[in-house]
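Asker: Construct the complete structure from the given sequences, taking the supplied hints into account.
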Amino acid sequence: MHFTSAAVVGAGRVGSAVAPRLGERLPTRTVGRALDVGDADLVLLCVPDRAIAEVAGAIPRGAWVAHTSGACRLDELDPHERRFSVHPLQTFTRARGPEQLDGAWAAVSGESDEAVEAGFELARLLGLEPFELDDEERPAYHAGAAIASNYLVTIHWAAAELLRAAGAPPEALEPLMRRTIENGFELTGPIARGDWETVERHLAEIRARRPQLEPMYRALADATATVAAL
1 MHFTSAAVVG
11 AGRVGSAVAP
21 RLGERLPTRT
31 VGRALDVGDA
41 DLVLLCVPDR
51 AIAEVAGAIP
61 RGAWVAHTSG
71 ACRLDELDPH
81 ERRFSVHPLQ
91 TFTRARGPEQ
101 LDGAWAAVSG
111 ESDEAVEAGF
121 ELARLLGLEP
131 FELDDEERPA
141 YHAGAAIASN
151 YLVTIHWAAA
161 ELLRAAGAPP
171 EALEPLMRRT
181 IENGFELTGP
191 IARGDWETVE
201 RHLAEIRARR
211 PQLEPMYRAL
221 ADATATVAAL
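Here the sequence shown is numbered in the working numbering, starting from 1 and rising by one per residue.
Note that these hints are calculated values from the structure, not bench results.
Note that beta-carbon positions come from the ideal geometry of N, C-alpha and C, so glycine has one too.
There's no promise every hint is true.
Claimed, not checked - For each label pair, taking beta carbons as the anchor points, the in silico distance ranges come out as: (1) Leu26 / Ala58: 22 to 32 Å; (2) Leu163 / Leu26: 17 to 27 Å; (3) Leu230 / Asp75: 32 to 42 Å; (4) Met1 / Pro215: 47 to 57 Å; (5) Pro20 / Glu205: 47 to 57 Å; (6) Arg164 / Asp78: 43 to 53 Å; (7) Ala58 / Ile155: 32 to 42 Å; (8) Trp157 / Asp75: 35 to 45 Å.
Answerer: Structural data, given as structure tokens:
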């Protein structure tokens, strides 16, 4: 499977990274509301999830059509039969470019061997490491991705709130968080040691200083105890 030209629909966070990367590999146009995809043999939808079905329905049949959503199934691409999805397992910002794709993995879903092959080809063109994902398993997969990315932001916010309460600089947390990843997510700290007295002191201080964070701390402590027991 080799694509010769592409049309990327949408220029948001994902589209603005994907289009220039594809443009380095093959003729690529970025398409707006007019949906003028020309004679591209690949049309890649980088649009909000809620818009995928409407946009797909407006694209002439014939080319391969794909979306980059992690949550949406392939039936969002009806009536196209030559279809697949490639979800870059990465978070994107408009402040950076196609280098955001480098080294990331990508979930590829297709309804035939040919479709999966097409998805793998696109992933590699983008500099992604592809793996096949059963379309029916998408909700569990996307939930895992959301925990790893979105909830990390929430955890950082909560930790930063407590450092501010203690008069410590929140930016000091970033090397700690990075090293936790570099160390292969090895669990350390009071729960790993079975030191529940320290955990109770944490809870008492949180209750006094940032009570809105107590339910989160308790839930995470319970989950971490499960991890420690594995």
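Asker: For every hint, state whether the structure bears it out.
Answerer: Do the hints match the structure? See the list:
Checking the proposed 22 to 32 Å range against Leu26 and Ala58 shows it holds: the Cβ atoms sit about 23 Å from each other. The hinted range of 17 to 27 Å is not satisfied by Leu163 and Leu26, whose Cβ atoms lie roughly 48 Å apart. A hinted range of 32 to 42 Å holds for the C-beta pair Leu230 and Asp75, which are about 37 Å apart. With their beta carbons about 49 Å apart, Met1 and Pro215 fall inside the hinted range of 47 to 57 Å.
Between Pro20 and Glu205, the C-beta spacing of about 48 Å keeps the proposed range 47 to 57 Å intact. The given range of 43 to 53 Å is respected by Arg164 and Asp78, whose C-beta atoms sit roughly 50 Å from each other. A beta carbon spacing of about 40 Å between Ala58 and Ile155 agrees with the range 32 to 42 Å that was offered as a hint. A C-beta distance of roughly 36 Å is found between Trp157 and Asp75, which places it inside the suggested range of 35 to 45 Å.
Hint compliance for this structure: hint 2 alone is broken.
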